[in-house]
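Now for the letters of each chain:
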Amino acid sequence: GAGVSQSPSNKVTEKGKDVELRCDPISGHTALYWYRQSLGQGLEFLIYFQGNSAPDKSGLPSDRFSAERTGGSVSTLTIQRTQQEDSAVYLCASSITGTASSKYFGPGTRLTVT
Amino acid sequence: GENVEQHPSTLSVQEGDSAVIKCTYSDSASNYFPWYKQELGKGPQLIIDIRSNVGEKKDQRIAVTLNKTAKHFSLHITETQPEDSAVYFCAASRVSGAGSYQLTFGKGTKLSVIP
Chain A
14 GAGVSQSPSN KVTEKGKDVE LRCDPISGHT ALYWYRQSLG QGLEFLIYFQ
64 GNSAPDKSGL PSDRFSAERT GGSVSTLTIQ RTQQEDSAVY LCASSITGTA
114 SSKYFGPGTR LTVT
Chain B
208 GENVEQHPST LSVQEGDSAV IKCTYSDSAS NYFPWYKQEL GKGPQLIIDI
258 RSNVGEKKDQ RIAVTLNKTA KHFSLHITET QPEDSAVYFC AASRVSGAGS
308 YQLTFGKGTK LSVIP
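Listed in order, the protein sequences are those of chains A and B.
Quick note: the working numbering has the first sequence finishing at residue 127, numbered continuously throughout.
Quick note: the working numbering has the second sequence finishing at residue 322, numbered continuously throughout.
So that you can see chain A by itself, here it is in the shape it has in the complex (with noise of 0.2 Å):
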């Protein structure tokens, strides 16, 4: 079946644009995470949304950072006021439940600020 689909896969943008960033999850996952991924570095843990609840948002690095999930189904990050420091894949992953079940991620977007 699909699997997690990102868009766009790469973007560059100019210092103190806006972006925003699309993640369309596995039908009938219920859990769905953003993680960021800087160049030679781990995942680091962004934002986590799991069906009705409140969203985790304990990751995100600042307050230019937002996340919404409408319909349970497909979210959107948004990076507003971009800096360099923002530059590095995206990625979203989802799962059945919000438990350790199995994650399967999507291929990331490739954000650049140039």
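Check the hints yourself; a few may be wrong.
As the list claims (entries may be wrong) - Here are some chain A residues the structure puts well away from chain B; computed CB gaps all over 12 Å:
| hint | residue |
| --- | --- |
| 1 | Asp31 |
| 2 | Val32 |
| 3 | Asp69 |
| 4 | Ser75 |
| 5 | Arg77 |
| 6 | Glu81 |
| 7 | Gly84 |
| 8 | Thr91 |
| 9 | Arg94 |
| 10 | Glu98 |
| 11 | Ser100 |
| 12 | Phe118 |
| 13 | Val126 |
Stated by the list, open to error - Mimicking DSS-like on lysine-lysine, the simulated pairs with C-alpha atoms at most 27 Å apart in a straight line are:
| hint | chain 1 | residue 1 | chain 2 | residue 2 |
| --- | --- | --- | --- | --- |
| 14 | B | Lys244 | A | Lys24 |
| 15 | B | Lys249 | B | Lys264 |
| 16 | B | Lys249 | A | Lys24 |
| 17 | B | Lys314 | A | Lys70 |
| 18 | B | Lys278 | A | Lys24 |
| 19 | B | Lys278 | B | Lys229 |
Don't read these hints as lab results, they were simulated from the structure.
In this text, a Cβ means the ideal position worked out from N, Cα and C, and glycines have one as well.
Once you've looked at the hints, dock chain B against the given chain A.
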């Protein structure tokens, strides 16, 4: 919070040889340990995972071992092939309770299989 250390950061093996990647974790409450393979330009792919009620799990050429007492777990790849070349990440989390959904990742091991 949880801290996961992964070694080595790079590993080169001859085709056909075995590769072993090791991880340690700090939170004794962690009991779910997945391994991901990430190829260039792609997202991480779950290749195997283990829960703390077992000490070893195998799937064809890959196996994971877990030592809860020592808080370390390892990935073993036998009969390596060039297509095994990728970056491998270990991770840890709790199965239930606070933060159970939040994976903590190691920094990755770049495996190169030399034909």
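Query raised in the report: Are Lys249(B) and Lys264(B) close enough, with their CA atoms no more than 27 Å apart?
Result: Holds: Lys249(B) and Lys264(B) sit about 26 Å apart, inside 27 Å.
Query raised in the report: Within a Cα-Cα threshold of 27 Å, do Lys278(B) and Lys24(A) meet the stated pairing?
Result: Distance of about 40 Å is beyond 27 Å: violated.
Query - Ser100(A) non-interfacial with respect to chain B [C-beta, more than 12 Å] - result: holds (16 Å)
Query raised in the report: Does Lys24(A) lie within 27 Å of Lys244(B) when you go C-alpha to C-alpha?
Result: holds (24 Å)
**Report entry** Closest CB of chain B to the CB of Arg77(A) still more than 12 Å away
**Finding:** holds (22 Å)
Query raised in the report: Once the closest CB in chain B is found, is it more than 12 Å from Glu98(A)?
Result: holds (18 Å)
Report task. Run the C-beta distances from Val126(A) to all of chain B and say if the shortest one exceeds 12 Å. Result -> holds (19 Å)
Requested in this report: With 12 Å as the threshold, tell me whether Glu81(A) passes as away from chain B on beta-carbon distances.
Outcome: Glu81(A) is indeed farther than 12 Å from all Cβ atoms of chain B, at 18 Å.
Query - Interface-negative label, Gly84(A) against chain B, beta-carbon threshold 12 Å - result: Label holds. Min Cβ-Cβ 20 Å, cutoff 12 Å.
Report task. Report holds if the minimum CB distance from Ser75(A) to chain B is greater than 12 Å, and violated otherwise. Result -> Fine: 19 Å to the nearest Cβ keeps Ser75(A) off the interface.
Report task. Given the hint that Lys314(B) pairs with Lys70(A), test it: the Cα-Cα distance must not exceed 27 Å. Result -> Satisfied, since the Cα-Cα distance of roughly 22 Å is no more than 27 Å.
Query raised in the report: Does the claim that Phe118(A) lies outside the interface with chain B hold up, using a Cβ gap greater than 12 Å?
Result: Per Cβ check, Phe118(A) is inside 12 Å of chain B; nearest 4 Å; violated.
The structure shown violates the earlier hints numbered 3, 12, 18.
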